[in-house]
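Engineer: Taking the hints into account, I'd like the entire structure generated from these sequences.
Below are the chains, spelled out letter by letter.
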Amino acid sequence: MGASVAGLTAAVTLRTEGYGGRLTLIGDEPHTPYNRPPLSKQILAGTWEPDRIKLRTNEELSALDARLLFGRSATGLDTDARRVVLDGGDSVSYDALVIATGVTPNSLPGAHHLAGVHLLRTLDDALALRADLRREPDVKVAVVGAGFLGSEAAAAARRMRLDVTMIDPRPVPMRRQFGDRIAALVGRLHKKNGVSMRCGTGVRRFFESGGRVTGLELTDGTLLDADVVVVAIGAAPAIGWLAGSGLELRNGVECDPTCRAAPGVYAAGDVASWHNNHFGCRMRLEHRLNATEQARAVAHNVLGENQPFAPVPYFWTDQYDAHIQAYGVFPADAELAVLHGELEGGHFVVAYGHRGRVVGVLGWNSPCELRKLRQLVVDRAPWASILPAPQAVWPGRHLSASLR
Amino acid sequence: MQVTLHQDKCVASGQCVLAAQDVFDQRDEDGVAVLLDDRPPAELHDDVRHAAAVCPALAIALADQ
Ligand SMILES: Cc1cc2nc3c(=O)[nH]c(=O)nc-3n(C[C@H](O)[C@H](O)[C@H](O)COP(=O)(O)OP(=O)(O)OC[C@H]3O[C@@H](n4cnc5c(N)ncnc54)[C@H](O)[C@@H]3O)c2cc1C
Ligand code: SF4
Chain A
1 MGASVAGLTA AVTLRTEGYG GRLTLIGDEP HTPYNRPPLS KQILAGTWEP DRIKLRTNEE
61 LSALDARLLF GRSATGLDTD ARRVVLDGGD SVSYDALVIA TGVTPNSLPG AHHLAGVHLL
121 RTLDDALALR ADLRREPDVK VAVVGAGFLG SEAAAAARRM RLDVTMIDPR PVPMRRQFGD
181 RIAALVGRLH KKNGVSMRCG TGVRRFFESG GRVTGLELTD GTLLDADVVV VAIGAAPAIG
241 WLAGSGLELR NGVECDPTCR AAPGVYAAGD VASWHNNHFG CRMRLEHRLN ATEQARAVAH
301 NVLGENQPFA PVPYFWTDQY DAHIQAYGVF PADAELAVLH GELEGGHFVV AYGHRGRVVG
361 VLGWNSPCEL RKLRQLVVDR APWASILPAP QAVWPGRHLS ASLR
Chain B
1 MQVTLHQDKC VASGQCVLAA QDVFDQRDED GVAVLLDDRP PAELHDDVRH AAAVCPALAI
61 ALADQ
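Residue numbers (UniProt numbering), protein chains in the order written: chain A, 1 to 404; chain B, 1 to 65.
Note that these hints are calculated values from the structure, not bench results. Note that CB positions come from ideal geometry on N, CA and C, so glycine has one too. Hints should not be assumed to be uniformly reliable.
Rough simulated footprint, nothing fancy, chain A against chain B, three-plus residues with beta-carbon under 8 angstroms [unchecked claim]:
1. 34-47
2. 53-64
Computed list of lysine-lysine pairs in DSS-like fashion (alpha-carbon distance at most 30 angstroms, straight line) [what the hints assert, rightly or not]:
3. A:K54 to B:K9
4. A:K191 to A:K140
5. A:K41 to A:K191
6. A:K192 to A:K41
7. A:K41 to A:K140
8. A:K41 to B:K9
9. A:K191 to B:K9
10. B:K9 to A:K192
11. A:K372 to B:K9
12. A:K41 to A:K372
13. A:K192 to A:K140
14. A:K41 to A:K54
Structural biologist: Structural data, given as structure tokens:
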């Protein structure tokens, strides 16, 4: 259920692993499955057209030998009868169900009825936003929310040479993802590229004319002109259709370490919350690679492997000339140590330490070095072992800081 | 097996190298993947299939030949 990367990958993996029975792939979007990360990058910037982001060609989809129900949404689940209810009232029965309905972007009260106000999750969202950004030569853009999605949208709009203001109630962008120190660098990057940053403020109200947004007032009283507003303030798991199903629903579909939510019911991708044994905690990730890896693990478990899914998470984001990649987790109170390059130099890898172990590594324009240092997170290396280290394991690295 | 790599799609995630380091490497300067062997031997096919399946940018295409 859910026909994007996690749902499709589960279906493909079932087939490649030899499942020969009936298979149904259901999703509410009208398009064949596509890849989301380019939406806020190449698609928004206009360098790629939608054809390039298809996850499978039409031939590959038909080779899957599955019933494809696109443009249909699930409205209910009966786990006793093992049936999914669809819009229109018909239903599909199952022996095994994979829930892969992803997340739905949060919206801002009092804004979304206005033309010019956009969310960014689907291909249709990205194309509508792109058209609006190109509407006039000097469109003024306000981006509400400075997480990775808002940051990428701001970068794409700057690439189109538009006037961009980014607004976030937190003091620095991407703070929740990577902590204050790295977030400050992201903030600087945006400033250097000409974005006007309004961190530490929220939106109080919107102004309109004839049903179209014209500006906004911030909580500090500032008035801003805006022809286009991008709202990127996080997302919530798409679990509304599961109300009353008896599944545990808190922050997503709650699963055991094997990603099983109930007998015959599994979840994968952005919607799934499961216990990751590697880190000894529950997680729900909104990362592209996780959707693939978790769906593959789920397909194997549907076929009886019953293995815990305990990955080292991986995430990347592209903003201007910065290619940021990260493995692991990034607790707010983690310690930081530079393992390669310099924070000020535009190329570096930092490690995050938590409770005496390396729990994450983040690379800024250093993909090869980062890949080599990933093993520290896999091994949960003792934090002390990477600290003052004249006996450098990786030639060329120098430890320039250990900061809180 | 014939491997094709679309470098223009690659996001430098390095997943292909983690899965099959005899077949893929990353360019030092920007991390974009490079193909070391476009016709890998049979014992590497499973690893290469894994690389293609997890590539988050769909940059690796495989053909049976
Ligand atoms: C613009 C954008 C840029 C991104 N960039 C990056 C990046 O650079 N790096 C990174 O690591 N990750 C990135 N991500 C995150 C990544 O795309 C997601 O983690 C991934 O798409 C999750 O896949 P999924 O299949 O779990 O969920 P989704 O892709 O959300 O798919 C869920 C599908 O289920 C459908 N659905 C929902 N409810 C129902 C229902 N009741 N009935 C039927 N269908 C339903 C939805 O419409 C959707 O098609 C980005 C995401 C976005 C939106
Ligand atoms: S896995 Fe894909 S995106 Fe990552 S380096 Fe290899 S080809 Fe590039």
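Engineer: Holds or violated: K41 of chain A and K9 of chain B, Cα atoms, limit 30 angstroms.
Structural biologist: The given pair, whose Cα atoms are some 12 angstroms apart, holds under the 30 angstroms limit.
Engineer: Quickly compare the C-alpha distance for K41 of chain A and K140 of chain A to 30 angstroms and report which way the hint goes.
Structural biologist: The hint holds at about 19 angstroms.
Engineer: Holds or violated: K372 of chain A with K9 of chain B, Cα cutoff 30 angstroms?
Structural biologist: holds, 22 angstroms
Engineer: Are K191 of chain A and K140 of chain A close enough, with their CA atoms no more than 30 angstroms apart?
Structural biologist: With a Cα-Cα distance of about 16 angstroms, the restraint between K191 of chain A and K140 of chain A holds, given a limit of 30 angstroms.
Engineer: Is it true that the CA of K41 of chain A sits at most 30 angstroms from the CA of K372 of chain A?
Structural biologist: The given pair, whose Cα atoms are some 27 angstroms apart, holds under the 30 angstroms limit.
Engineer: For a C-alpha distance cap of 30 angstroms, please report whether K9 of chain B and K192 of chain A respect it.
Structural biologist: holds, 27 angstroms
Engineer: Is the straight-line distance between the alpha-carbon of K192 of chain A and that of K140 of chain A 30 angstroms or less?
Structural biologist: OK: K192 of chain A and K140 of chain A at ~18 angstroms, within 30 angstroms.
Engineer: Under the criterion that the straight-line Cα-Cα distance not exceed 30 angstroms, is the pair K41 of chain A, K191 of chain A satisfied?
Structural biologist: holds, 19 angstroms
Engineer: Would you check the hint for K191 of chain A and K9 of chain B, treating anything up to 30 angstroms between C-alpha atoms as holding?
Structural biologist: Within the cut-off at roughly 28 angstroms; holds.
Engineer: Is the hinted pair K192 of chain A and K41 of chain A satisfied, with a Cα-Cα distance of at most 30 angstroms?
Structural biologist: Holds. K192 of chain A to K41 of chain A sits at ~19 angstroms (cutoff 30 angstroms).
Engineer: Are the Cα positions of K54 of chain A and K9 of chain B separated by 30 angstroms at most?
Structural biologist: holds, 12 angstroms
Engineer: Examine the region 34-47 of chain B: at least three residues should have C-beta closer than 8 angstroms to a C-beta of chain A.
Structural biologist: violated (count 0)
Going through the hint list in order, the structure does not satisfy hint 1, though it satisfies all others.
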